[in-house]
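In the working numbering, each residue's number is its place in the sequence shown (first place is 1) plus 7.
Treat each hint with caution, since some may be false.
What the hints assert, rightly or not - Here are the computed lysine to aspartate or glutamate pairs in the EDC-like style, where the Cα-Cα straight-line distance is at most 16 Å:
id	residue 1	residue 2
1	K125	E74
2	K150	E171
3	K167	E21
Unchecked claim - DEER-style ranges, computed between Cβ atoms:
id	residue 1	residue 2	range
4	T222	R155	25 to 33 Å
5	A97	I170	30 to 38 Å
6	H218	Q37	15 to 23 Å
7	R190	A210	22 to 30 Å
8	S26	L175	19 to 27 Å
9	M8	A151	42 to 50 Å
10	I44	A207	22 to 30 Å
11	M71	L175	19 to 27 Å
12	K217	F177	33 to 41 Å
13	L175	Q35	29 to 37 Å
Hint data in this document are derived by calculation from the structure and do not stem from the laboratory. We put the CB at the ideal spot given by N, CA and C, even for glycine.
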Amino acid sequence: MKPRGKFISLEGPEGSGKSTHARLLVAQLQAAGHTVITTREPGSTPVGEVVRRLLQHDAGGEGMAAEAELFLFMASRAQLVRQIIAPALADGVYVVCDRFADSTTAYQGYARGCDVEKIVALNDLATGGLAPDLTILLDVDVKAGFERLRHRNLRNGVEKDRIERETLCFHERVRSGYLELARRWPQRIRVVDAARDEDAVQADIWELVKHVIGT
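Could you build all of it, start to finish, from the sequences and the hints given here?
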């Protein structure tokens, strides 16, 4: 029987560099001889991509209730785990996920005001109890993150999505929520200072990952 794959998630506030560092991590894992897939939340399945469009881009989402938003994220996650993540891990494949359950706790719990403990319980139901072996929390000052986001959007010719358009106070609560989660689960969630240059951040990520994968 194949050894189980490893599951690594990357989290952080807007502009923290999650997608960039997920891509770099996949390349490093592949160079080390591992078979790797990357996923994103919401998304990566047909169900998840429909949810992603509704949550991020559809004008109809502007008046969405916090609880409706919460359950849409849960639906996407439940499908992702059962369709992609769990089968991949069982087949010995490594999974790198750009956002996972901690995002919902930070955004819909700490920032939106939904009950955090209920969200933790719902996440457990949606994932079937599956949690990452390691979560990298890329921490960056909210204003600095939004400056990065502004440059990225200008470069790519895109506008802010619905969640990116939330107030700075909202995103400060997101960041505080993430740091609270890191204090709650310090063995799984490791904080990396993402305000530094890309190479320094990625070096720290790789050191943490090596301890988990045993190299």
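Outcome of the hint check:
Of the supplied pair hints, the one linking K125 and E74 holds, its CA atoms being roughly 11 Å apart against a limit of 16 Å. Distance restraint check for K150 and E171: the Cα-Cα separation of roughly 12 Å lies within the 16 Å cut-off, and the hinted pair is therefore satisfied. Proximity of K167 to E21 is assessed by CA-CA distance (about 11 Å); at most 16 Å being required, the pair is judged to hold. With their beta carbons about 31 Å apart, T222 and R155 fall inside the hinted range of 25 to 33 Å.
Against the hinted window of 30 to 38 Å, the Cβ-Cβ separation of A97 and I170 comes to about 32 Å, which satisfies the hint. For H218 paired with Q37, a C-beta distance near 19 Å keeps the hint of 15 to 23 Å intact. For R190 and A210, the Cβ-Cβ distance of about 24 Å falls inside the hinted range of 22 to 30 Å, so the restraint holds. Checked against the given bound of 19 to 27 Å, the beta carbons of S26 and L175, roughly 21 Å apart, stay inside it.
A hinted range of 42 to 50 Å for the beta carbons of M8 and A151 is consistent with their spacing of about 46 Å. In this structure the supplied range 22 to 30 Å holds for I44 paired with A207, their Cβ-Cβ distance being about 27 Å. Taken as a hint, the range 19 to 27 Å holds for the pair M71 and L175, whose Cβ atoms sit roughly 21 Å apart. A hinted range of 33 to 41 Å for the beta carbons of K217 and F177 is consistent with their spacing of about 35 Å.
A hinted range of 29 to 37 Å for the beta carbons of L175 and Q35 is consistent with their spacing of about 33 Å.
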